[in-house]
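Asker: If you want the building blocks of each chain, they are given just below.
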Amino acid sequence: AQSVAQPEDQVNVAEGNPLTVKCTYSVSGNPYLFWYVQYPNRGLQFLLKYITGDNLVKGSYGFEAEFNKSQTSFHLKKPSALVSDSALYFCAGTSGGYQKVTFGIGTKLQVIP
Amino acid sequence: DAGITQSPRYKITETGRQVTLMCHQTWSHSYMFWYRQDLGHGLRLIYYSAAADITDKGEVPDGYVVSRSKTENFPLTLESATRSQTSVYFCASSESAASTDTQYFGPGTRLTVL
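Heads up: the protein sequence lines correspond to chains A and B, in order. Counting along the first sequence from 1, when you hit position 27 you're at 28 in my numbering, and nothing is skipped either side. Counting along the second sequence from 1, when you hit position 48 you're at 58 in my numbering, and nothing is skipped either side.
In case anyone wonders, no lab produced these hints; they're calculated from the structure. These numbers were taken from a predicted model, which means no experiment stands behind them. Every residue, glycine too, gets a C-beta built ideally from N, C-alpha and C. Warning: the hint list may mix true and false statements.
What the hints assert, rightly or not - Partial chain A-side listing against chain B, Cβ under 8 Å, derived:
no.: 1; residue: Tyr40
no.: 2; residue: Leu45
no.: 3; residue: Tyr62
no.: 4; residue: Phe64
no.: 5; residue: Phe68
no.: 6; residue: Ala88
no.: 7; residue: Gly105
no.: 8; residue: Gly107
no.: 9; residue: Lys109
Said to hold, decoys possible - The calculated lysine to aspartate or glutamate pairs, modelled on DMTMM-like cross-linking and capped at a C-alpha distance of 20 Å, are:
no.: 10; chain 1: A; residue 1: Lys101; chain 2: B; residue 2: Glu24
no.: 11; chain 1: A; residue 1: Lys50; chain 2: B; residue 2: Asp48
no.: 12; chain 1: A; residue 1: Lys50; chain 2: B; residue 2: Asp111
no.: 13; chain 1: A; residue 1: Lys59; chain 2: B; residue 2: Asp48
no.: 14; chain 1: A; residue 1: Lys101; chain 2: B; residue 2: Asp72
no.: 15; chain 1: A; residue 1: Lys101; chain 2: B; residue 2: Glu89
no.: 16; chain 1: A; residue 1: Lys109; chain 2: B; residue 2: Asp66
no.: 17; chain 1: A; residue 1: Lys59; chain 2: B; residue 2: Glu69
no.: 18; chain 1: B; residue 1: Lys21; chain 2: B; residue 2: Asp63
no.: 19; chain 1: A; residue 1: Lys78; chain 2: A; residue 2: Glu9
no.: 20; chain 1: A; residue 1: Lys101; chain 2: B; residue 2: Asp66
no.: 21; chain 1: A; residue 1: Lys101; chain 2: B; residue 2: Asp48
no.: 22; chain 1: B; residue 1: Lys80; chain 2: B; residue 2: Asp48
no.: 23; chain 1: A; residue 1: Lys109; chain 2: B; residue 2: Asp72
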């Protein structure tokens, strides 16, 4: 069975500092990996995805994620955090077939002014 | 461009009552999904639909019923609501079945079962 883990319930970072939100995955075959963001009282919004090719994926709002096959990780990063980045971030993954994507439990990002 | 909408946004009901949550998308996406979001569990798939009149179970289907008579609508019915079904429900859609396809989410329905 496929699984996605987000080991941190919450990440706190000072405004202007780089941020990392961690994600590890366990899927058979080639993984397809996603990051979504959820602002309060809103639905999830797509940030970026890894399908194949370059291990560094660039997405919306200045976010990027690095796919590391040997460590089975797909960490979300941003060079300089903004207070407006404060939200709940979900990592998701699947190995193919129907869209039965598995979501992580989410990581709350708090950017401190 | 409305995208994907859900109604109601908030609902309070009592144990044993039937409740229907509505989902409507304007993109003519083939695939639609229902998830529930609970603290400590993230999002869990309840049901999904590949097209009109084609539905299938997800991870947590018990106590729920879906239908899809039209491509744009995908209602979720709790036939006899239980307290354990108190949750936030999200509808989503995607253009195709490809695993690489992005899902687009509605704003959610917060359901409380007393």
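Asker: Output the indices of the hints that this structure fails to meet, ascending.
Answerer: 1, 3, 4, 5, 6, 9, 10, 11, 13, 15, 16, 17, 18, 22, 23
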